[in-house]
Amino acid sequence: MSDFSEGQIERYSRHIILREVGGKGQSKLLESRVLIVGAGGLGSPVGLYLAAAGVGTIGLVDSDAVDLSNLQRQILHTTADLGRPKCLSARETMEGINPDVCVVPHQCRLDSANVLNVVADYDVVVDGADNFPTRYLVNDACVMQGKPLSHAGILRFEGHVTTIVPGRGPCYRCLYPEPPPPGLVPSCQEAGILGAVAGIVGSIQAAEVLKLILGIGDPLIGRLLVFDGLEMSFRSVEIPRDPGCPVCGDRPTITAPIDYEEFCRLRGGIESNPEVQS
Amino acid sequence: MSTNGDLVELRLFGPLREVVGEKLVSVPYAGLTVAEALARFADEQGESVRPMLFDSRGNRLRSLILLLNNQTVDELETSRLRSGDVITVLLPLAGG
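Just so you know, the sequences run in chain order A and B. Here the first sequence is numbered in this note's numbering, starting from 1 and rising by one per residue. Here the second sequence is numbered in this note's numbering, starting from 279 and rising by one per residue.
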């Protein structure tokens, strides 16, 4: 267990008085390593809450720079950060909230060549990406390395959240064996997103990550939480693991990370007619 | 002619809700299988909705989660709908 400084005891006092956390749990948080993929709408609340909670090492993957249109929801960044790499802007904000935290910027796009190396350094991964190729890639890498993954997606007034723990429940490919055809599901850039919806859904991801590290409660394993911000309702849907899943199934056929284009080609190869429309 | 006894509900989310313009649609589909109901819905809604449910060869998209009364459905081709049933259609969300 860490020896807490007086400042740390004060800083984390509201955690430490929770029976489920205590000094032991807070030490676990300080010693833990979490990777956040995407320093955007979801990555912002996740990054802020994990940093404030004292997660000792937080990796951030993002290759973009801060744009004015990000600031309506991406609360890791400020107007003064416009044009700066998001990784660096986010690092300043998070380390500013809590100097106990070391933020490791990964200013790159994840692909089949680098994803296993990046993920390998962390205990838990958070998917806050803004595109399907990265989501499938991160899922596959986490399954292959046995890393717990908090997944969420948002659009307009809606959000989906689930927690993937390889071996204990379904993975993202069990939920959605294939990505939708390109262009069918719009991005937030195309269809919009209420900023606070990103905050609600990302905060759920942060709570799930903290629970996983602490080993408390019931994570959203095998459950997809569907949030409707207009109705202000949550629905919890039980989704089983697919024994035939190509990544986490009983006889996996995808055993190394593949890029989206290859995945699409694979779709064509599996079906009897290879002329898959996309 | 439909009567209340025929009605089931389709609960729509995401882009499907956008295109249809409703989050809950009542349709006289009791007696159909879930698969038949989805095909009928695509037929009735037309070309803006069909690509969100089926590919160009008429196969149901594998990027859909279909729920019957909030449970995943193993037997899409054989489970017959009863009056008051709710089918939920979920598409993955890319945004983050």
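Read the hints as simulated data drawn from the structure, not as lab findings. Be careful, since some hints might not be right.
Stretch by stretch, here's where chain A covers chain B in the computed footprint (C-beta under 8 Å, at least three residues) [what the hints assert, rightly or not]: (1) 310 to 321; (2) 331 to 341.
Chain B stretches covered by chain A per the calculated footprint, using a threshold of three residues with CB under 8 Å from any CB of chain A [stated by the list, open to error]: (3) 291 to 302; (4) 347 to 358.
Beta carbons: idealized from backbone N, C-alpha and C, even for Gly.
Counting residues of the region 347 to 358 of chain B with a beta carbon closer than 8 Å to any beta carbon of chain A, are there 3 or more? holds (count 3)
Examine the region 331 to 341 of chain B for residues whose CB is less than 8 Å from any CB of chain A, and state whether their number is three or more. Our answer is that it holds, as 6 residues pass the Cβ test (under 8 Å) against chain A, meeting three.
Do three or more residues from the region 310 to 321 of chain B put their C-beta atoms closer than 8 Å to C-beta atoms of chain A? violated (count 0)
Residues of the region 291 to 302 of chain B with Cβ under 8 Å from chain A, three needed, outcome: Three-residue rule met by the region 291 to 302 of chain B, so holds; n is 5.
Of the numbered hints given earlier, the model fails hint 1 alone.
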